[in-house]
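Q: One-letter residues, chain by chain:
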Amino acid sequence: MINHPANHDFGVSLLVRSLRKSFNGQEVLRGVDFEVKPGEVFVIMGPSGSGKSVLLKHLIGLETPDAGEIFINGESIQTQEIAAQYRMALVFQSGALLNSLTVGENVGLYLSEHRLKTPEEIQRIVTEKLEDVGLKDVTDKMPSELSGGMKKRVAIARALVIEPQLILYDEPTSELDPLSAIVIGEEILRLKERIGVTSLVVSHDRDLAFGVADRIAVINEGRILTIGTPDEVKRFNDPLVQNFLHADFKRELQPK
Amino acid sequence: MFESIGEIVLLFWRTLLAVPLAWRQRQKVFDQFFEIGNASLLMVCVLSFFIGAVIALQTGPVLVDRSLASAVGGIVGIAMAKELAPVMMAILIAGRIGSAMAAEIGSMSVYQEIDALRTMNINPIHYLVLPRLVAIALALPMLVVFAILVGWFGGAVVAEANNHIAIPFQAFYSDLRDIVEVRDVVNGVFKSFCFALIIGVVSCHQGLTTIGGPRGIGRSVTKAVVNSIVLIVIFDYFLTRILLK
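Residue numbers (the working numbering), protein chains in the order written: chain A, 1290 to 1545; chain B, 45 to 289.
Bound conformation, chain A alone (with noise of 0.2 Å):
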């Protein structure tokens, strides 16, 4: 829909402007607008249901704003032809691996459909983006033997075979125990170090959020609440925010 094989500029300043979207009459976006600059890091943390994945699915195209727009390095990516200068990738909350592919198959799949590499150098690409995201001797097994933490991975490994210039994360650490989130949180530093990729987390995880984050935004019922550095986001003086930050159980002892 929008990557195109051909543009190898790393790293795309993205600008959103106004974007609303309503589904039967239930408002889910309400006029977000922020920026990212040309390799940064920017998460966009909320609360479950306040618009984080719809936002994410209008960025790669797969729906359309009711109004508002979307410019990617100052284009707007209204039409098809502008979005397809530019390769972008997302990681979906579930991986949407290809449960009917081996894994090989699910990271190979972008170059294999549009023939753009041999099968030998395809090969030895899907090798070598496993390797990227630390995994080896996978690529034949089937994503159901796979752990949730490995699939996700995965998932990241098949966003770098498109040499993606912005690469958006739709919560990528849910599911995954400390330690692994740990590892896809260091992943996204990397591939932001390595290759200077644009990187857009969407996540309700404080802890990758303030570990990645060159930038964050809170979003809360489809609007931006606020935007900054992670300092500046924890010192943002609102009591939303506030507790969302500082959301923790209270458990109060009983006496005996």
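None of these hints come from the bench; they were simulated from the model.
Note that CB positions come from ideal geometry on N, CA and C, so glycine has one too.
A portion of the hints provided could be inaccurate.
What the hints assert, rightly or not - Taking lysine-lysine pairs in the PhoX-like style, the calculated list, with each CA pair at most 25 Å apart, reads:
hint	chain 1	residue 1	chain 2	residue 2
1	A	LYS1406	B	LYS72
2	A	LYS1430	B	LYS267
3	A	LYS1481	A	LYS1418
4	A	LYS1430	A	LYS1418
5	A	LYS1539	A	LYS1523
6	A	LYS1406	A	LYS1430
As the list claims (entries may be wrong) - The following residues of chain B were derived to be distant from chain A, with all beta-carbon distances above 12 Å:
hint	residue
7	PRO105
8	LEU136
9	ALA160
10	ASN207
11	VAL233
Starting from the known structure of chain A, arrange chain B on it as the hints suggest.
A: Just chain B now, kept in the frame of chain A:
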């Protein structure tokens, strides 16, 4: 079903436009073709043998009593070639293959695999619908030819073995040859080709529009089978009208 006729026609049209790309997807077409043939051949044999047999059993004694024994072969021959083999095999394939198509594509929709394809600029129609539609359009007519032959054989076996009918094998086939023309078989095969397109496009459409998790997948499978069968029966009437001329 009728509210989504427009979407189904549009999907069919888009798939038709993609037919020149079928050669690129030949491996997937072959896999699907093998799947359809392999999954259905035995069932086709059993079903068509007994359909042929039961027509002979139902019509044979009545016709023999009225000194019309020579018509039994023709009735079995015409009924199998023009009507029963195409329609019954289409219903069988709708149940076996249409349901599998709707379930597989439906689960891909629900688990965002189709969205993942779109983000990689892989058209789901080219990748999923085209190979299935081409494979079923090739496989069902072949299965129907097979079904017609096995059905005739089933009729011949019963005509000879049943004491009430007792028409020898050779006499049955000779009567059948006198009445059934190549055109009758071609008509049946053409109908089955149309039914294959209906099953393929209806099932893939149901799969692509699946929402709502496992329950949604179940609903899509049921709708795919029921809608395919309803459309097969409706189209059967109109195709028969056209082909009678």
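Q: Each hint should be assessed against the structure and marked as holding or not.
A: Against the structure, the hints:
no.: 1; hint: LYS1406/A to LYS72/B; result: holds (19 Å)
no.: 2; hint: LYS1430/A to LYS267/B; result: violated (34 Å)
no.: 3; hint: LYS1481/A to LYS1418/A; result: holds (15 Å)
no.: 4; hint: LYS1430/A to LYS1418/A; result: holds (16 Å)
no.: 5; hint: LYS1539/A to LYS1523/A; result: holds (21 Å)
no.: 6; hint: LYS1406/A to LYS1430/A; result: holds (22 Å)
no.: 7; hint: PRO105; result: holds (52 Å)
no.: 8; hint: LEU136; result: holds (24 Å)
no.: 9; hint: ALA160; result: violated (4 Å)
no.: 10; hint: ASN207; result: holds (53 Å)
no.: 11; hint: VAL233; result: holds (31 Å)
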